[in-house]
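Undergrad: Taking the hints into account, I'd like the entire structure generated from these sequences.
Residues per chain, in single letters:
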Amino acid sequence: MRRKRTYAQTLGGRHKAALLAVTALVGFGLGFGIAHLVAGSIAYWGVVSGPFLVSLRVAIPATVIAGITGVAAGYALAKGRFPGRSVLETLGSLPLILPPTVIGYYLLQVLSPGTRVGGFLTRVVGHVLVYNVIGCIIVATVAAFPFCMRAARAAIEGVDPGVEEAARTMGLPDWRVALQVTLPLARRGIASGLAIGSARALGEYGATLMVGGDIDGRTRTMSLAILDSFTTPERNTMILILVLMAISAMTGVGLLGRSRT
Amino acid sequence: MTPALEVAVARSIGEFELDVAFTVESGLSVLFGPSGAGKSLTLALIAGLIRPDTGTIAIHGDVVTDCSRRIHVSTQQRRIGMVFQDGLLLPHRSVLDNVALAVRQVRGRRERRAVAGEWLQRVGAEELADRQPGSLSGGQRQRVALARGLAGDPALVLLDEPLSALDAAVRRELRDVIRGVIISSGVPAVLVTHDAEEAEELGDVVIAYHDGRVTGTRSIERPVRPEPPPGTPGSGERT
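If you're matching them up, the sequences are chains A and B in order.
First residue of the first sequence? That's 1 in this note's numbering, and the numbers climb one at a time after it.
First residue of the second sequence? That's 262 in this note's numbering, and the numbers climb one at a time after it.
Think of the hints as simulated: they come from the structure by calculation, not from any bench.
Hints may be right or wrong, so weigh each one.
[As the list claims (entries may be wrong)] Quick partial rundown of chain B residues pointing at chain A, CB under 8 Å, derived from the structure:
#, residue
1, Ala-308
2, Leu-310
3, His-333
4, Gln-337
5, Ile-341
6, Met-343
7, Phe-345
8, Leu-349
9, Leu-351
10, His-353
11, Arg-365
12, Gly-369
13, Gly-413
We put the beta carbon where it would ideally sit given N, CA and C, even for glycine.
TA: Next comes the structure, spelled out in structure tokens:
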């Protein structure tokens with residue numbers, strides 16, 4: 001019986017050396033990165049911890065809100081025929097194509113207590129919505145929303161309508177068909193939208209600066225802090241932490257989508 | 262006695278025009294005709310998945326569709342069971358869950374699963390309870406779909422070419438299962454097929470379709486034979 005050969009065994013001597021060199025380089029890079037991150041985190045934790053916690057405080061609720069509203073909007077777009085459908089689709093996708101500064105400007109117009117709409121909203125909510133963490137969450141939600149909505153819509157449209165019809169013949173009301181059949185079957189696509197959306201919420205910069213300000217310990221997220229500390233040694237630690245946070249968020253949500261329901 | 266099903270509907274789809282009227286009593290009625298004759302469309306209309314342009318549909322005397330009075334009872338409210346050509350089991354649920362989700366007559370997860378288990382036993386698929394639909398053969402899938410179609414205590418069962426995707430040996434075996442289980446359950450059923458032999462073997466009544474019209478109705482006399490004991494609806498190796 002022939003034994004299976006590893007990929008390295010199938011290569012010639014020169015290729016094997018090249019593969020080893022690449023592996024060593026990647027290993028060294030990873031090792032260096034992790035060591036740097038750990039050392040940096042310890043050395044600069046006092047500086048890094050504030051923006052790190054603000055980023056978590058902003059990105060987690062923003063992902064949850066954008067996830068729920070994005071999936072609801074994606075479902076409505078995939079299944080519904082209602083007036084204003086194309087308006088919802090266009091408005092929901094605008095943050096993808098508009099420059100962050102324009103989004104920031106419009107959000108300031110809507111949220112700032114100095115404007116008519118913003119003043120009304122502030123009175124209704126009973127809380128100022130700009131230059132605090134709430135403003136940052138709103139901005140990150142707006143940034144993440146299109147990814148969640150579009151991915152959910154595509155995934156829901158990809159579900160076999162025959163299976164949904166079969167569920168209706170079983171007597172399941174429409175809301176149960178949506179929750180127990182459509183969404184579970186679309187979960188992978190939805191999860192990928194959430195993953196990209198969460199990374200986007202984490203990385204939002206321009207509009208956050210305009211709506212949230214750059215207030216240390218309150219609205220200074222990792223993305224803002226990186227620019228602020230661009231000439232200082234802790235920037236590398238921040239960049240590495242942000243990259244790892246984004247990868248963790250994407251991997252975590254992706255794994256959720258792959259799990260069986 | 263009120264018929265199990267009264268249909269008098271018309272529906273146009275593109276250039277195709279369906280215009281049919283028939284009644285179904287107890288037992289198994291077969292809509293037989295070539296592909297494209299409108300048989301499956303008729304089942305979709307009965308199930309409420311599509312609305313007719315004109316006409317009425319009544320199940321056990323209850324009007325579920327009446328275009329002139331703008332009555333259209335939703336699919337969920339019609340108390341029908343349906344078996345599709347390719348099963349259409351929920352791929353993310355176990356076989357037992359697929360059947361249990363259709364059980365409407367009892368409350369409580371454990372009770373619904375118990376009823377589902379009984380139906381899986383009646384179609385000879387009890388050993389498949391924990392399997393995922395993706396791992397089933399075509400014949401096994403249709404057994405489960407049959408159990409699911411009957412588990413909700415329906416007033417009417419609709420079977421849309423349930424055997425057409427299967428090979429000849431499995432079809433022969435499942436014919437016995439379908440007829441045995443449906444007759445023993447006492448639920449009136451309407452089955453669609455384009456296979457003359459299948460129509461002859463399964464139907465108590467055969468309603469012939471051609472080009473969107475009913476061209477004839479024929480009752481089939483069957484010798485009275487003892488009902489198969491519960492739990493053994495088929496014979497031979499299970500597929």
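Undergrad: Each hint needs a verdict: does it hold in this structure or not?
TA: Do the hints match the structure? See the list:
1. The interface hint given for Ala-308/B holds, since its Cβ lies 6 Å from the closest Cβ of chain A, which is under the 8 Å cut-off.
2. The interface hint given for Leu-310/B is met, as the beta carbon of that residue sits about 5 Å from the closest beta carbon of chain A, less than 8 Å.
3. Nearest Cβ of chain A to the Cβ of His-333/B: about 13 Å, over the 8 Å cut. The hint is violated.
4. Interface hint at Gln-337/B: satisfied, since its Cβ lies 5 Å from the closest Cβ of chain A, which is below the 8 Å cut-off.
5. Taking 8 Å as the C-beta cut-off, the interface hint given for Ile-341/B holds, the closest approach to chain A being about 6 Å.
6. For Met-343/B, the interface hint holds, since its Cβ comes within 8 Å of a Cβ in chain A; the closest pair sits about 4 Å apart.
7. At a threshold of 8 Å, the smallest CB-CB gap from Phe-345/B to chain A is about 6 Å, leaving the interface hint in force.
8. The interface hint given for Leu-349/B is met, as the beta carbon of that residue sits about 4 Å from the closest beta carbon of chain A, less than 8 Å.
9. Proximity of Leu-351/B to chain A holds as hinted, the smallest CB-CB distance being about 6 Å (cut-off 8 Å).
10. Given hint, His-353/B at the interface with chain A, holds; its Cβ is 5 Å from that chain's nearest Cβ, closer than 8 Å.
11. Using the Cβ-Cβ criterion of 8 Å, the hint placing Arg-365/B at the interface with chain A is satisfied: the shortest such distance is roughly 5 Å.
12. For Gly-369/B, the shortest C-beta to C-beta distance to chain A is roughly 16 Å, which exceeds 8 Å, and the interface hint is violated.
13. Contact between Gly-413/B and chain A, as hinted, is supported at the beta carbon level, the nearest pair being about 6 Å apart and thus within 8 Å.
Figure legend: structure checked against the earlier numbered hints; hints not met, in rising order: 3 and 12.
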